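J.: Residue numbers (the numbering used here), protein chains in the order written: chain A, 1 to 252; chain B, 1001 to 1252.
In short, the hints are calculated from the structure, not lab data. Heads up, some of the hints might be wrong.
Examples of chain B residues lying across from chain A (beta carbon under 8 Å, computed) [to be verified]:
{"id": "1", "residue": "N1081"}
{"id": "2", "residue": "H1083"}
{"id": "3", "residue": "A1124"}
{"id": "4", "residue": "V1215"}
These numbers were taken from a predicted model, which means no experiment stands behind them. Quick reminder that beta carbons are idealized off the backbone N, C-alpha and C, glycines included.
Spelled out, the chains give:
Protein chains: 2
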Amino acid sequence: MTRWALKLEYDGTGFVGWQRQVNGTSVQEILETAASRLNRGDPVLSIVAGRTDAGVHAEAQVAHIDLPDGYRPEKVRDALNFHMKPHPVVVLYAAAVADNFNARFDANRRSYRYRILNRRSRPALLLNRVWHVAAGLDADAMHAAAQSLLGRHDFTSFRAASCQAKSPLRTLDRLEVSRDGDLVTIVAEARSFLHHQVRNMVGTLRLIGDGTWQVERMATALASRNRAAAGPTAPADGLTLTGVGYPLDPFG
Amino acid sequence: MTRWALKLEYDGTGFVGWQRQVNGTSVQEILETAASRLNRGDPVLSIVAGRTDAGVHAEAQVAHIDLPDGYRPEKVRDALNFHMKPHPVVVLYAAAVADNFNARFDANRRSYRYRILNRRSRPALLLNRVWHVAAGLDADAMHAAAQSLLGRHDFTSFRAASCQAKSPLRTLDRLEVSRDGDLVTIVAEARSFLHHQVRNMVGTLRLIGDGTWQVERMATALASRNRAAAGPTAPADGLTLTGVGYPLDPFG
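Work out the full structure: start from the sequences and follow the hints.
T.: Put into structure tokens, the structure is as follows:
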């Protein structure tokens, strides 16, 4: 068998998330069903870098699968794309990798983008792609507050109750907030994130942005190590996994 | 009655276009039905700057309607947005204008953006927002060819058979082609366009981009004043009306 790293783009709107669930269609199921067609109909298991939640999108998710030897990269990409039709899931690149490559455990950077449409009118063109916040947001204050989360911390305050990670310690490398017209964009980067960490940080930044909280309260929320001390979870729609990094880029 | 200029955003995907048709839902119908709720249920007629085709989007379409006196601009915008739910059509701004303002005939600039997703994999996140062209496109060659269309010309070669304009003469002020990663973007500006003119220019530029045509053939196609001498009509999905200009900006 040959191990393949796949770079994937998908619209998370209609899915229950990456992972298989009994109550709906998952991106994993779409990929693995297509991959089985390249494996004489036998099941193919995939391992993914970021197990995105329902409604979360990906511009550059990375997964790995094993397929019988002999396929060319273009064939793997095009055949998977053909069999995944008409679902909004596509393989952008396929690269043969070492047998011990692991899309999840080898990944040493995850990048996310969260977008807020900050205007009075609900979204039309960006429906399902943004969080609509009508109240005016101060992106500069949000950015200032975000900086107090950088570095290695116990992120219990921003961790979902369902989070299965052993440790709440994470190192946040980047959390930048900027405005372009009606769009407020938050960029987050870390080796890895706790479950719902990005959405919980965004939900809290919104409280800073609309003036409910002072900037300083972000540091207090972090220090309290208590989920109740931070803001609510921002909706999934606004979140996109924009990249996964590896010590050695499999697509390089 | 008070005349209102409305700036509108919509996702054209599910519509038969701006104009009312018997065979489906139009943006005009969505707007006028909502507007009648602000007119004691009586019909309201709208006049629009750009009668976009089925599948064509708008970031900043402009229309005008007449409503009973006494509404504040915020009320007009919010009430129309409420009544247009859940359709992907929203009013961004409403501005009271002079009784003789005409969204269509006063407009002296229309701006469009056309986007081509130029990669092997079909679109997932940009589904219905781009024309997918798998063959590699030379955006520089397309831009060079586009420049030969600038200025005042007889655009018969790029005019739909269904075009109702009296004259095929138009002045094209801007036609720029640029690439950003997999996206090739074409920006077009003129006082007004013939029916399908932008999509026919884009369909022809694609022939230049993929090497089917030499750059020089664009000028020949224009000079021949013959629809058959130009390329096919590009799909509606990639086209967005991005702005309408007036001698005096009603939203200024």
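J.: Using 8 Å as the Cβ threshold, decide whether B:A1124 counts as touching chain A.
T.: Since chain A brings a Cβ to about 4 Å from B:A1124, closer than 8 Å, the hint holds.
J.: Identify whether the interface hint at B:V1215 stands, where standing means a beta carbon of chain A within less than 8 Å of its own.
T.: violated (30 Å)
J.: Taking 8 Å as the limit, does the beta-carbon of B:H1083 come near enough to a beta-carbon in chain A?
T.: Violated - the Cβ of B:H1083 stays beyond 8 Å from chain A, reaching only about 12 Å at its closest.
J.: Using the nearest Cβ pair, does B:N1081 come within less than 8 Å of chain A?
T.: With a minimum Cβ separation of about 6 Å from chain A (threshold 8 Å), the hint on B:N1081 holds.
The structure shown violates the earlier hints numbered 2, 4.
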